[in-house]
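**Q** For chain A, the structure is supplied; the task is to place chains B, C and D on it using the hints.
Top to bottom, those sequences are chains A, B, C and D.
Residue numbers for the first sequence follow this note's numbering, so the first one is 1 and each next one is one higher.
Residue numbers for the second sequence follow this note's numbering, so the first one is 1 and each next one is one higher.
Residue numbers for the third sequence follow this note's numbering, so the first one is 1 and each next one is one higher.
Residue numbers for the fourth sequence follow this note's numbering, so the first one is 1 and each next one is one higher.
Calculated from the structure, these hints are not laboratory results.
Treat the hints with care, since some could be wrong.
Same chains, same label: a pair holds when it works inside one copy or across any pair of copies.
[Claimed, not checked] Calculated cross-link-like contacts (lysine-lysine; reagent style DSS-like; alpha-carbon spacing at most 25 Å): (1) K208 x K271; (2) K163 x K307; (3) K23 x K2; (4) K23 x K68; (5) K208 x K307; (6) K301 x K163; (7) K337 x K46; (8) K31 x K46; (9) K23 x K11; (10) K12 x K163; (11) K31 x K2; (12) K31 x K68.
There are 4 protein chains.
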Amino acid sequence: MKALVYNGPGKKSLEDRPIPQIKSATDAIVKVVKTTICGTDLHILKGDVPTCAPGRILGHEGVGVVDKIGAGVTQFHPGDSVLISCISSCGKCEYCRRGMYSHCTTGGWILGNEIDGTQAEYVRIPHADTSLYPIPSGADQDAMVMLSDILPTGFECGVLNGKVQPGANVAIVGAGPIGLATLLTAQFYAPAQIIMIDLDDNRLAVAKTFGASATINSGAGTAVEQVRQLTDGRGVDTAIEAVGVPATFVLCEDIIAPGGTIANVGVHGVKADLHLERLWSQNITITTRLVDTVSTPMLLKTVRANKIDPKRLITHRFTLDHILDAYEVFGHAASTKALKVLIET
Amino acid sequence: MKALVYNGPGKKSLEDRPIPQIKSATDAIVKVVKTTICGTDLHILKGDVPTCAPGRILGHEGVGVVDKIGAGVTQFHPGDSVLISCISSCGKCEYCRRGMYSHCTTGGWILGNEIDGTQAEYVRIPHADTSLYPIPSGADQDAMVMLSDILPTGFECGVLNGKVQPGANVAIVGAGPIGLATLLTAQFYAPAQIIMIDLDDNRLAVAKTFGASATINSGAGTAVEQVRQLTDGRGVDTAIEAVGVPATFVLCEDIIAPGGTIANVGVHGVKADLHLERLWSQNITITTRLVDTVSTPMLLKTVRANKIDPKRLITHRFTLDHILDAYEVFGHAASTKALKVLIET
Amino acid sequence: MKALVYNGPGKKSLEDRPIPQIKSATDAIVKVVKTTICGTDLHILKGDVPTCAPGRILGHEGVGVVDKIGAGVTQFHPGDSVLISCISSCGKCEYCRRGMYSHCTTGGWILGNEIDGTQAEYVRIPHADTSLYPIPSGADQDAMVMLSDILPTGFECGVLNGKVQPGANVAIVGAGPIGLATLLTAQFYAPAQIIMIDLDDNRLAVAKTFGASATINSGAGTAVEQVRQLTDGRGVDTAIEAVGVPATFVLCEDIIAPGGTIANVGVHGVKADLHLERLWSQNITITTRLVDTVSTPMLLKTVRANKIDPKRLITHRFTLDHILDAYEVFGHAASTKALKVLIET
Amino acid sequence: MKALVYNGPGKKSLEDRPIPQIKSATDAIVKVVKTTICGTDLHILKGDVPTCAPGRILGHEGVGVVDKIGAGVTQFHPGDSVLISCISSCGKCEYCRRGMYSHCTTGGWILGNEIDGTQAEYVRIPHADTSLYPIPSGADQDAMVMLSDILPTGFECGVLNGKVQPGANVAIVGAGPIGLATLLTAQFYAPAQIIMIDLDDNRLAVAKTFGASATINSGAGTAVEQVRQLTDGRGVDTAIEAVGVPATFVLCEDIIAPGGTIANVGVHGVKADLHLERLWSQNITITTRLVDTVSTPMLLKTVRANKIDPKRLITHRFTLDHILDAYEVFGHAASTKALKVLIET
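The following block holds chain A by itself, in its conformation from the complex:
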């Protein structure tokens, strides 16, 4: 089968690989129908993710059809249309039982990282019963691909952890795909304002069409003042960091109101300054989270009920044969204006 393979920092290729086989009774083999590329895949290609060894098939998002199941799989059958979660969850360990699937002792984020992933014609899914979700009949498959990772990430790490509330003021720092997914799901809770902050005017313009009540280009260096103006001088109740660098995290510290919450979504490579000399008395909460995908059933219900249209995140489409082009487009988002690129097998 065709598969996109990571061959060490800076190197990738579309290769021919054997179709994966059932290794454990709880595995399923899924024929991938649609997949996509995540910002994390670009991190791997830069060599930033040491757990991902050369030779690995990338990809942790996608929808497909169950092809084979292990003897222990009870919730799915060959032919079932399924959503693949980016997080593998055994359902048995202490963390899974607490709903912290991201820290599953035999799972977590392993797909396209420690085991072969979804950017291929077939993928082996461990702990299939608790890592796949049935796609409701009639559901739009494109929308479903957004539920593998990006929507639960924005929703759990940003919106739920950030305790977005009706009438509240929210700022989302970073209007890339994850920031926009956060923007979409934040609207479940009817906040008064959602202020999007980014350096890219195109993304801010997209944010406006996705429901942002205000946008700020932080390049001018006046983001803090602008947020204060928009919030009667008080700052925001919820600040969501969706970039992953120290400056944007500190910006969240600068705009948070007393009693507010900073919810970190970004993947950070270095430490940040925590200004406890100012914040110790401000009654704030800071959260971090690797997505657990525990909200996937809830998100499936909101999509089924047309409360959200995640397909809007898709800007480009490719076939698996042209996945290298897809990487090219996705990797140059500033010029191509790519958000999510859909890859069909």
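**A** Chains B, C and D alone, transformed into the frame defined by chain A:
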């Protein structure tokens, strides 16, 4: 009347001052019966608290008897025995209505800071109806003094924010008065372990008698390893910072288990490193808080029901005439082994 | 001044009364600009509310302009445009401090009940600082009248207590003004379905235009089956009772899914059967609540941000001179199709 | 093997049965070491549990040693010492993923009900990985038996659902084994008072030794007055029903304070009166729950840390050969003063 006055960095004196008068209809004048000295008073004397001007009578803790009330005071009458909260709360502003009294727009921590305080024979209490608490008949007055600040601070900023749970593993970094108050109130929730960490063996010995399940002297540089050994290698569910310097905050980052909470109690003068490069994926929560004293009614009930004995924090006793000696003892806690010093008028 | 006076069961009249005066330092006199009639006023007129004595001016909703303030009022000044809460709250008692203003020991629902109310040219508001809310400049006054009672009632007693969640299935039993206010505010949380149940096809038709995803006329006796069909046989996650009779409460018991919540909003005159022989093992929660109006600031923000348009509840308009006609129209809602009737002074 | 078999209403016998075999890959066969009898077993024997057919081996509590495992079992191995949960949980279905194991679509309370149970030398445990718990080395086996059902039932249905808080007033109606288990676990949260109410003076005397702060024999008909006296006239914050008849549920309605919670633990055979005509405005919460045993890991930690001594519930001991005598003693608790009877194989 006699009063302990701050006369600028490094300077204090016991002076004669006029008895305070009602300034606003919601004021009460309280005859102070017992007061105490807080670590924050030492900060003021170092010149670290710019809001506190020379000439200020210090002190924000105490019990007393209502002497006079303004025309608008309805909950108290002259002769009532009262607990003075360290936080003044108007009960009307947006923050007070949300239970965030610490950020009251006309109150907060002003006593012995922006207005004259309790280390005197009399004190004026603004917003008296919502800043004083009736002392239950038969209650021990000494114990009550601990409820002005130190107990609600440990309980709210440490225990409640830290989400201490039955069966959980808790570490408290800092075994000074605040850390010990946190230790006492953490036991309301039956955690499996409370590990106290400090540099002072005497304080750790006291912590043992106050209910710590284990103690670690962090001077040896092996605190992280010791915590891991005590927690099956996983770290603690709740880490409470009760010192206020970067090193102890980072220690909390080093010992927190995935899914855990770091509750900051300490007053910080400088920023700390937040190791987001490790913590972004660990599903942790960090909280800060200036005590709101919203839990004072609950704490009064636990004292009344003998669920806690806060009097144990008192190590030394003085009369107001000897308050300079009391400062001397409290300011040299390492040698005097002072925790809280009680001052009686 | 003109005032609508309750003269004992079945009797009311528009009378001339003296303008109310400040009685306590915390009072304000408000010149009423707009008021409305509540279902509770009809209960009083039937003689069902023993706390309301003959001679009482009715009404507990409205907006107006502050005319005079007592010496202790600090948050409002003559000329301020204000929203009058149906609940008077002292801000000082144990219940107020816990956010349970409905049980304020010197307030609660007293307006138009134990003291004279808002269906008059002027009204005395006790505990003014904590019972009035400033109307944001530019806000629609008609919409504001809906925030005195009906919106916080639907939101707090129904939506918040009912824990309405994104993706959830919700049923609201009763499509009168309160049920419709609940429907409007339930949409803050993006539930998958809101099923409205009533006996009146007109109200159900209105519910459709207000955002109901399905409507059921329970007159046919098949409401339970219809709810099950709409919810894959499982019942609803949240059932909100907004009628106040045993049959509708039992209907909620019949349609609630395991793990669900029944939130009672209705005012009940008699007991209901609680089918514990079925429900004891169903992990359900039942809540009751007299509105606290603790959510009024949040609701003001949602109205200001155009997240909700409460004015849609207003079907008829009268001047105070014609308030008897307004009662006539409101009292015969089945034929007049009245929801809320606005009365302007 | 020997097994206690239900042979229809009123009939039971100790019979010889074949040792159970693995039926599904996720099964384990456990050699029972200790088991006990539950009040529910008596209900079955009265014919009150239609899901339990004649021929069934009773029992849903116990500890033992894993004897055989199915091919899909990964968390346990033969020889492991295990705690058997009364609730079987697949870990995969929607309810299990929400932590509502009691409603597992292929589990729930089936042991000793729909499938053969633990009052035998061996038992087959379905969904073994998620229905057994490892017994910590050194743990007291007798104490562990109390964690199969009675402790999580009291804790989850009573204490957690009842939101027991430090400083709160709690009443537990019913001082049988479940009420006493609730009493033990309520103390995790340091309530000010725990008032035990029962008709049996012996059980009330036991309750005193288990930590009750007050006891009331409700036979005198003055329980409501006595509770009010103990609570400054206000009633209790939490009322826990641990009997299962209408009168005791209504007693909870009579003693609950405004804002309080009634947590139902009892198994009810008939409906009860819900006095909504009084309670609609009292801001109360009522909960029901079939134990989920989701708190078992937490309870294991509290036992391991000596925060609770559940062994105190054991009053009598028998060998499996004498289990009929054990039923006799347990079935006549009023005269034998039995709480839990331990049966060793």
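**Q** Measure nothing new, just compare the shortest in-copy and cross-copy C-alpha distances for K208 and K271 to 25 Å and report within, between, both or neither.
**A** Classified as neither: same-chain Cα gap 31 Å, cross-chain 35 Å, threshold 25 Å.
**Q** At most 25 Å between C-alpha atoms: does K23 with K11 qualify within a copy, between copies, both, or neither?
**A** Answer is neither; intra-copy 28 Å and inter-copy 50 Å both fail.
**Q** How would you classify K23 and K2 at a CA-CA limit of 25 Å: within, between, both, or neither?
**A** So K23 and K2 pass the 25 Å test inside one copy only (20 Å; across, 40 Å).
**Q** Are the CA atoms of K301 and K163 at most 25 Å apart within a copy, between copies, both, or neither?
**A** Both: 20 Å inside a copy, 16 Å across copies.
**Q** What label fits K23 with K68 when the C-alpha limit is 25 Å: within, between, both, or neither?
**A** Intra 11 Å, inter 23 Å, cutoff 25 Å: intra and inter.
**Q** Since the copies are identical, ignore which copy is meant and state whether K31 and K68 lie within 25 Å (CA to CA) inside a copy, between copies, both or neither.
**A** within (9 Å within a copy, 36 Å between copies)
**Q** As a check of your reading, is K31 near K2 (CA-CA no more than 25 Å) within one copy, between copies, both or neither?
**A** within (12 Å within a copy, 51 Å between copies)
**Q** Since the copies are identical, ignore which copy is meant and state whether K31 and K46 lie within 25 Å (CA to CA) inside a copy, between copies, both or neither.
**A** Classified as neither: same-chain Cα gap 28 Å, cross-chain 54 Å, threshold 25 Å.
**Q** 25 Å Cα cut-off: does K337 pair with K46 within a copy, between copies, both or neither?
**A** For K337 and K46, only the intra-copy Cα distance (21 Å) is at most 25 Å; the inter-copy one is 55 Å.
**Q** Tell me, please, which holds for K208 and K307 at an alpha-carbon limit of 25 Å: within, between, both or neither?
**A** So K208 and K307 pass the 25 Å test inside a copy (18 Å) and across (16 Å) alike.
**Q** Which holds for K163 with K307 at a C-alpha limit of 25 Å: within a copy, between copies, both or neither?
**A** Both. Shortest intra-copy (19 Å) and inter-copy (18 Å) distances satisfy the 25 Å Cα cut-off.
**Q** How would you classify K12 and K163 at a CA-CA limit of 25 Å: within, between, both, or neither?
**A** Classified as neither: same-chain Cα gap 40 Å, cross-chain 46 Å, threshold 25 Å.
The structure is inconsistent with the numbered hints 1, 8, 9 and 10, although it conforms to all the rest.
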